[in-house]
Each structure stands twice: as structure tokens, then as C-alpha cells.
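Undergrad: Sequence:
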Amino acid sequence: MVLGVAGSSKREVLGLTVEAKSTILSDLLTELQAQLADVTDTHQVKVCSILSATSMTLLHTWAGILKPWTDRVYQLEVALRLSCASSEVLLPSIQLGLLGALTLATQQIKLTAKQDVLSLKSLCPVVCTLLQKVTYQLPPARKANVCSKDVELLLKILTVCVTLLDELIQSIEDPAIWLPSIQEHTVLPVLLSSVQTYIQARQGLQYIQAVLLLFLSLAKYQQSAEALALNGLAQHTCLAVSELYKENNAEKQKTVACRNQGSAVTLSSLYLLSVELYSAMLSTLKYTFLNDALDFLGVHQQQMEWCLSNVGTSLDPDDQKAAEVTCDFLCQLSPYHQQWRMQLPQLLGTMLSSICFVSHSCISLLIRPQLLKYLLEKKHGSEPPQKVLASQSMAQHLPLQHQTSTDEVEQPSEQLVQVQESHLKLVGLSLTFLRHFTPDLCEAMLDQSLDVNDSSPLLDLGFNTPSTEKEGPVNFGTYLACINSCVRMLSRSEMRAASPNRTPFPAVSVSRHILLFVLENTLYFLLSQTMRYLRDPKLHQREKQYLKRELAAELNSFLQGLQRYLRRGAPQSPGGSTMASPQVGKTSSYAAIVMTQEFPFYKLVSDFIKHILR
Numbered sequence: 000m001v002l003g004v005a006g007s008s009k010r011e012v013l014g015l016t017v018e019a020k021s022t023i024l025s026d027l028l029t030e031l032q033a034q035l036a037d038v039t040d041t042h043q044v045k046v047c048s049i050l051s052a053t054s055m056t057l058l059h060t061w062a063g064i065l066k067p068w069t070d071r072v073y074q075l076e077v078a079l080r081l082s083c084a085s086s087e088v089l090l091p092s093i094q095l096g097l098l099g100a101l102t103l104a105t106q107q108i109k110l111t112a113k114q115d116v117l118s119l120k121s122l123c124p125v126v127c128t129l130l131q132k133v134t135y136q137l138p139p140a141r142k143a144n145v146c147s148k149d150v151e152l153l154l155k156i157l158t159v160c161v162t163l164l165d166e167l168i169q170s171i172e173d174p175a176i177w178l179p180s181i182q183e184h185t186v187l188p189v190l191l192s193s194v195q196t197y198i199q200a201r202q203g204l205q206y207i208q209a210v211l212l213l214f215l216s217l218a219k220y221q222q223s224a225e226a227l228a229l230n231g232l233a234q235h236t237c238l239a240v241s242e243l244y245k246e247n248n249a250e251k252q253k254t255v256a257c258r259n260q261g262s263a264v265t266l267s268s269l270y271l272l273s274v275e276l277y278s279a280m281l282s283t284l285k286y287t288f289l290n291d292a293l294d295f296l297g298v299h300q301q302q303m304e305w306c307l308s309n310v311g312t313s314l315d316p317d318d319q320k321a322a323e324v325t326c327d328f329l330c331q332l333s334p335y336h337q338q339w340r341m342q343l344p345q346l347l348g349t350m351l352s353s354i355c356f357v358s359h360s361c362i363s364l365l366i367r368p369q370l371l372k373y374l375l376e377k378k379h380g381s382e383p384p385q386k387v388l389a390s391q392s393m394a395q396h397l398p399l400q401h402q403t404s405t406d407e408v409e410q411p412s413e414q415l416v417q418v419q420e421s422h423l424k425l426v427g428l429s430l431t432f433l434r435h436f437t438p439d440l441c442e443a444m445l446d447q448s449l450d451v452n453d454s455s456p457l458l459d460l461g462f463n464t465p466s467t468e469k470e471g472p473v474n475f476g477t478y479l480a481c482i483n484s485c486v487r488m489l490s491r492s493e494m495r496a497a498s499p500n501r502t503p504f505p506a507v508s509v510s511r512h513i514l515l516f517v518l519e520n521t522l523y524f525l526l527s528q529t530m531r532y533l534r535d536p537k538l539h540q541r542e543k544q545y546l547k548r549e550l551a552a553e554l555n556s557f558l559q560g561l562q563r564y565l566r567r568g569a570p571q572s573p574g575g576s577t578m579a580s581p582q583v584g585k586t587s588s589y590a591a592i593v594m595t596q597e598f599p600f601y602k603l604v605s606d607f608i609k610h611i612l613r
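If you read the sequence shown in numbering that gives the first Met the number 0, its first letter stands for residue 0, the second for the next number, and so on.
Treat the hints with caution; some may be incorrect.
[As the list claims (entries may be wrong)] Here are the simulated BS3-like pairs of lysine-lysine, each with C-alpha atoms no more than 27 Å apart in a straight line:
#1 Lys66 / Lys113
#2 Lys109 / Lys219
#3 Lys20 / Lys113
#4 Lys148 / Lys45
#5 Lys20 / Lys66
#6 Lys320 / Lys245
#7 Lys285 / Lys424
#8 Lys320 / Lys424
#9 Lys148 / Lys66
#10 Lys424 / Lys602
#11 Lys155 / Lys45
#12 Lys113 / Lys219
#13 Lys45 / Lys20
#14 Lys45 / Lys120
#15 Lys66 / Lys120
#16 Lys148 / Lys113
Derived from the structure by calculation, the hints contain no laboratory data.
With the hints as extra help, turn the sequences into a complete structure.
TA: This is the structure we're talking about:
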């Protein structure tokens, strides 16, 4: 009772010293080991359960003062080993507390004592043994009632076990230490088979999430990613994942709701985790995993198109996240566009169109901050404000001043800035994808005989401001509006940072690094597409002159905006302070020097205008 009060109270009630707390915890774990060494009746099991739960509670409460953690890990490891060896039957009430305490200890070592991470290596075989033992006792998903207490307890201990193994992998970061244990205990085939059946049954969502997160950690390392692929990751998950976004019937909805009570895990979040897993596997294994990644794309193309199309109709954070994950997966595939074109040519064209649509939708809102603010604030009854973005009839419901105004918001809310950053990330990911489908800029500028048939034009020959309507074509004007908007955001963020006392509200602004990334990649894409048109022998000379004239005027205007931004006092580097105002007589040369240092692409754009567009 006294220890329970000490562990549950947020304040120091008993006045225990650090040494006393350490002794208490050590004695508890020693007694737990002694009890587990010879479990003969249910009374001992209850005692061990109390000792295990109390130890975990005290560890959690005293985590900030208990050092060294290596001693605690050793005692907990011995107790867990004894719990596995002392009985053929699982002891979930005991093992749950031990696993939770070990997870906490592992996290503490990773955060505060990285030099001790190697002390965790002996824990891997114990965890793998328990994981294997629990999995074999788990009934098949389609036969199990996940809402029953027995199955729920098994799933809970399995979830915590997988989570602990994931923490160990993230802490040790050396596959040579933990991979042999995983392979020896056949952890991967057991988990792959189990997670496939639970995905297909839409049950045990927290367990599925824990396994996918473990696979994500494994996918970061060459050896473990290869092991994951060889054990049939694609065969077990590629088709099964489609169950995560199919419409539920009434019975399945009831099952999912029963298992998902009090949990933030959703079917859509598990689908996105699966996409992230395939992205990580492709990033690590490259060509070795390419066919599996293309198969995954082919199976889930409609869902990916749906995620990308939602950008134009929703500002919901979950929809934005889904689009980001999808774009990232396509970015991982884009370097292999030649193989993609040979295997799935029609799908490549579809995804190119979808990515261009994402850029258009995001840019059309980024350049209209007042409209974005209005959409976030507007409410339609019980419908959340994120869903007010209409599709075809949007112009009929929005005030004209919001549709046309490109004025910045004086005091942007944190929500507005988050949405702007999300849109900028999507534009950046889209440009990363499109960069593989546009000619190399240096090659296009130097090679007069560039074969334009290797790439199709991705932009229309037009300079209109992007419309908020879905039908608007992606043209040069779309991306020119983007770079001008980035300069305005840079200028506004610097002004707010320079005068924080103008408003009682905290200054929030879009990340400068994101703005510069989008700015640089947008310019590269614009110039590359320009060269693709200018090198095209089939394009009429009159149209080439039109392109040169309009683009030169727009880029000159953009460079002038950059110069004004610097004169207002931009920092000399991303982490630098506000620069001092130069002397009047040296303004031009000083600005040119700072411009070149701050924006390396400034000289490229200036020379491009001078040598290509004139």
C-alpha cells in the first residue's frame, strides 16, 4: 500500500532519498526473481503480478532520478527470462509489467545514456523467445473474438513485446547484434503470417500498427530489409493491405469499433504506414525491391489517386498527411521511371497528371492566404471547417475578394501556418517527383541537339494565375505564382521576426527552409521546361519568342522582388541574424554579393535571362 502511494503520487509524499528509492526497487525485483524461480500455485502468480505492476509504476514515477539504468535492465531481464522458463503457460499479468518496465528502461537509456545501449543486446533473445511463444498461442484472427478478454490480453502482450523489440532495434542500431536473434527465432515469418491474417480480418489494429512500425525500423538497414523481403513481405502484405481501405460492412464495422475503443489507430493510418514501409524498403534495397514496389503501386493505384485528388477538396490534416505519404512513395519510384514506363506505362501517365494536379491545387491556395484563412474559419453546421473546400461550384459560394486577393494575412493563426507548410511540402514533393521527368538543366543548356522526345512537356504554354477550379491547366504561370508567393512569405516572416512586439500574439510563420527548398526546385523545373520547349524543333518560332518574352518579364519581376526582400533586411544565412543596412553608395554591389550568397540560384536565373531569353 505504501509503495502504491509512493508510485502513484505526483508529489514526494514519503520523503525518500534517491538511494532509498534505488534500494526499494532493487529489493522488489530481487523478490520477483525469487518468486518466479519456482511458481507452483495461483497465489504465487498473484504475488508476482503485484510485484511486476508495482515495479513498473515505480520505474515510471522515478525515471528521472534512477541511475544507472543498466542494473535495472539486468534485473528485469532475469525476471522476464524466468517468467518464460518457469511455466509452459504464459503469465500475461506478470510479463506485461516486465515488458512495460523494460520498454521504459530502454527508452531512458536511448535518451540519457547512449553509451550503455550495448548492455541491451542480451535482451534481444529473451524478447524474441517470448514473442514466438505468444504468437503460437494466439488464435487465428478469423476464429478469434478480439473483444474477448483472453484474446485481448494475448494481443496486448504481443503488442508490447513487438514494441519493445522495436525500441531495442532503434537503440542498438547494429543489425549484427539483434538480427541473428530475430532470424534464429523465426520472428519475421511468424509476424508476417500473423499480421496478414489480422489485416484481412481488420482486427487487432494496435497489434498491426506495432508490427508495421517494427518493420519500418527493420527497413532502414540493408541486412534486415533484405531479410524482410526474403521472408515474403510483399507476398503477405501487398494484396492484404487493400482490406484497410475497402468499405466496411456492418459486421466488420462492429468488430473494428470493438477493438478500437480508446485507441487512435484507424484503418487509414495503417494503410499509410504500409505505404511508408514500402517507401522505406525501396529506399534501402533500390532495384532489388523495385518489382515489389511497382506491384504495390499497381494494386493500390486507385487509392493513391484518391489520396492525391483529396488535396483539391479537403484541408483536413489526415487528408494532407495521406497525400504527403503517397507523394513520398512516388518520389522513391521516380528515379526508376524507365522501368516504370516499360511495366506500367498507362499508370505512369496517370500519376504524372495526379502529381501536377496536386501542385496546381496547393499553389492556387498558397497564393491566396485570405482565401485559405476564410476556408479554415468557415463552418457549415456540424461539418468541420476543413471540409468546406467545394469542388466544381466553389466559386459560387466564396466571396469574390477572397477568390482574387493575394494579400498576406496580417496575423496568421497557427492552424493557417500549418496548412501552408503542409501545402508547401506537397509542392516540394511534387517537384522532386517531376524533376525526374524533365530534362537535366545543364545538359539542356549546353547540348544544342538535345533529344526532346525523351521527355514530354509537363507545362502548358501559358502564364495565367492558377485558378481555384479543378479544371485549371498547369502552366508556366502556375509555378511563377508559386515563386512569387514564396518571396512574399519570406518577406513577411522576416518582418514578423524583426518586430515581435507589434502584437501580443506569438509570431508564427512558415519554415524558411521549406520556402527555400520549394523556391529553388520550382526555378529549376521552370528553367528546365523552358529549355525543353526552346530545343523542340517542332515548336513554331513565334511561340518560342512568346515564351522568351513573357518568361523574361516574369523572372525579372521575381528577381526585383528578391532584391526588395534583401533591402528590407533578410538574414545572411538560414541561421544568421538580420543584416545591417549597407551604405547608400554601395547598395547595388552589396546587394548583389549578399544575393549570390543567400540565393545561389539568383545568378543562374539572371544569366538564364541574359543568355537564353534574350
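Undergrad: Look at each hint and say if it fits the structure.
TA: Hints, verified against the model:
1. Lys66 / Lys113: The hint holds at about 13 Å.
2. Lys109 / Lys219: holds (18 Å)
3. Lys20 / Lys113: At roughly 23 Å apart (the allowed maximum being 27 Å), Lys113 and Lys20 satisfy the hint.
4. Lys148 / Lys45: holds (18 Å)
5. Lys20 / Lys66: Holds - the C-alpha atoms of Lys66 and Lys20 are around 11 Å apart, at most 27 Å.
6. Lys320 / Lys245: Within the cut-off at roughly 19 Å; holds.
7. Lys285 / Lys424: Distance of about 24 Å is within 27 Å: holds.
8. Lys320 / Lys424: holds (10 Å)
9. Lys148 / Lys66: Measuring from Cα to Cα gives roughly 37 Å; hence the hint is violated.
10. Lys424 / Lys602: Between Lys424 and Lys602 the Cα gap is close to 25 Å, so the pair holds against 27 Å.
11. Lys155 / Lys45: holds (19 Å)
12. Lys113 / Lys219: holds (20 Å)
13. Lys45 / Lys20: holds (24 Å)
14. Lys45 / Lys120: The hint is violated at about 30 Å.
15. Lys66 / Lys120: holds (19 Å)
16. Lys148 / Lys113: violated (38 Å)
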